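Q: From first to last, the protein sequence lines are chains A and B. Under my numbering, read the first sequence as residues 341 to 542, first letter to last. Under my numbering, read the second sequence as residues 341 to 542, first letter to last.
Simulated from the structure, these hints should not be mistaken for lab results. Check the hints yourself; a few may be wrong.
For the chain A half of the interface with chain B, some residues (derived, Cβ under 7 Å), not all of them [stated by the list, open to error]: (1) 350; (2) 353; (3) 383; (4) 471.
Quick caveat: nothing in here was measured; it's all calculated off a predicted structure. Idealized CB from N, CA, C, for every residue including glycine.
Take a look at the letters that make up each chain.
2 protein chains.
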Amino acid sequence: MFSGAQVSLYPMSDDFVGIIIGALEALDPWRDRLRLETDSLSTLMVGPPEVLFPAMRDLFCAAARTGVHTTMHATVSRGCPGEPDDPICTPRAGQPRNLPLADRVALGRDAVAAAPRLKQDIAAQLSLYPLGVGHHMDEIYGCIAFLKDSGTFDRSKNFCTALRGDAGPVFETLSQAFTGFGAEAGHLAMDVTVSANSPSAR
Amino acid sequence: MFSGAQVSLYPMSDDFVGIIIGALEALDPWRDRLRLETDSLSTLMVGPPEVLFPAMRDLFCAAARTGVHTTMHATVSRGCPGEPDDPICTPRAGQPRNLPLADRVALGRDAVAAAPRLKQDIAAQLSLYPLGVGHHMDEIYGCIAFLKDSGTFDRSKNFCTALRGDAGPVFETLSQAFTGFGAEAGHLAMDVTVSANSPSAR
């Protein structure tokens with residue numbers, strides 16, 4: 341299976357170049373398990389979900405800790421039929437798919453509860469797209485049931501769901517949503533935005 | 341049908357609040373045909389595709405004309421079964437769907453060629469997600485054939501396609517991709533990033 345993300349970091353500061361370059365150091369512990377390619381629009385990160393999400397988390401938190409209002413966007417994908425298999429993407433065993441939805445929701449919630457706390461408050465919104473299946477709304481509604489029970493749920497919005505909380509549990513929620521819903525070997529995409537230090541009121 | 345977008349504007353400047361507030365004036369000519377709701381993560385724009393894309397274009401160009409490196413992200417959606425019908429979203433008649441792909445590509449290319457030029461160079465990347473259908477890759481490959489022939493194609497990337505050119509044709513390309521592929525009344529989502537004034541080399 342091929343899995344990865346196109347990731348863009350947006351510090352709203354005159355010093356955006358310095359903040360981005362500084363934050364990239366946070367990827368160092370992950371580099372041997374990721375393939376990275378940067379252009380002027382985004383950085384491709386290829387790797388399994390259990391590396392992708394913590395790596396994105398650490399990259400984003402490093403920029404957010406400057407105190408500058410920073411957002412990050414990621415187009416995350418797995419199982420795209422147009423992409424080659426890549427050994428770097430082989431995921432660890434995920435949730436068993438033959439479990440009832442309620443049990444899958446409970447397993448996801450337990451994983452979020454066990455996530456490390458990073459003392460960085462963030463907001464996020466995500467849209468999940470299970471592709472190539474006729475019953476895609478069942479998987480989307482299942483994922484929304486998990487998000488509402490995750491401990492990081494903020495509110496439902498048109499086209500997406502908003503999360504809020506410490507970066508550790510919020511990124512674990514994103515990872516569980518990405519790996520726990522949609523066909524196990526199927527094509528699934530996620531559109532994610534995270535934000536920190538916004539001057540806007542909730 | 342319900343159609344709309346969650347749109348976020350990111351000026352990489354200490355004055356990001358002033359730039360965003362200034363750019364919002366560019367939406368004034370479109371406001372009577374859109375419903376807008378803003379929170380700290382994004383602005384919901386509800387309306388038909390032929391209003392959504394020019395409105396996003398004018399908003400982005402107003403921010404880009406400050407010269408500041410600015411990006412915009414939009415999660416665009418139509419036909420989501422979880423959303424109510426909304427009279428404000430009723431689109432004008434789109435492309436006839438019974439045409440062969442080559443004719444649909446040609447119609448889209450003609451629309452892009454006829455788009456107004458705005459003297460603002462931009463880059464963009466998009467991912468198209470036709471949902472609830474088993475043959476989604478056919479529609480994605482059809483859309484990619486159109487993008488390569490659109491006159492705004494830059495390059496193929498993992499998970500997305502990059503465009504480059506004047507903002508007028510580039511946003512018309514996005515609009516044609518959104519309305520010309522996927523089932524006519526079906527659920528379709530698009531993940532779009534646009535960028536101007538980047539200091540990075542191509």
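Q: Interface hint check: residue 350 of chain A, Cβ to nearest Cβ on chain B, cutoff 7 Å. Holds or violated?
A: 4 Å, holds
Q: With chain B as the partner, please determine if residue 383 of chain A meets the hint condition of a C-beta pair closer than 7 Å.
A: With Cβ-Cβ at 11 Å, over 7 Å, it is violated.
Q: Would the hint on residue 353 of chain A stand, with a C-beta cut-off of 7 Å toward chain B?
A: 6 Å, holds
Q: Can we keep the residue 471 of chain A interface hint, with Cβ of chain B closer than 7 Å?
A: Holds: closest Cβ of chain B sits about 5 Å from residue 471 of chain A, inside 7 Å.
When held up to the earlier numbered hints, the structure conflicts with hint 3 and nothing else.
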